[in-house]
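Model the full assembly from the supplied sequences, consistent with the hints where possible.
First residue of the sequence shown? That's 8 in the working numbering, and the numbers climb one at a time after it.
Here are the in silico distance ranges between beta carbons for each label pair:
1. Pro41 x Gln70: 19 to 25 Å
2. Lys90 x Glu19: 20 to 26 Å
3. Ile18 x Ser75: 31 to 37 Å
4. Gln56 x Ser31: 27 to 33 Å
5. His50 x Tyr94: 34 to 40 Å
6. Pro32 x Ala63: 18 to 24 Å
7. Leu81 x Thr48: 32 to 38 Å
8. Ala85 x Val61: 29 to 35 Å
9. Leu44 x Phe76: 18 to 24 Å
10. Tyr96 x Gln70: 22 to 28 Å
11. Thr48 x Ser75: 22 to 28 Å
12. Gln74 x His50: 29 to 35 Å
13. Asp47 x Ser82: 28 to 34 Å
14. Thr66 x Tyr96: 26 to 32 Å
No lab work stands behind these hints, which were simulated from the structure alone. The beta carbon of each residue, even a glycine, is placed where N, CA and C say it ideally should be.
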Amino acid sequence: MFKNSSSPHEIEIFPWPACSPDISPIDNVWSTLPQRLSRDTPHAATPDQLWQYVEAAWTAVAQGYIQSFFVSMLSHVAAVIAKDGGYTYY
8 MFKNSSSPHE IEIFPWPACS PDISPIDNVW STLPQRLSRD TPHAATPDQL WQYVEAAWTA
68 VAQGYIQSFF VSMLSHVAAV IAKDGGYTYY
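Now the structure itself:
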């Protein structure tokens, strides 16, 4: 969110870390893709083939695995708030 002084509308600025992996559940899921690709796929010969491998690896991620990260977000957000936006063990 931002505040633009030339605009008649004031937009509230949230005191939130701009880019915090602690509160981004998708970062955990993305981090598994390189492992899956190196373990389960041959070397891609073309960019299109690489894209197919990435799509297949993404599709193979179990929904329960993804959901577990979203469920844990309340504790992640609480930890970030407790640390005033600083480092957490997540």
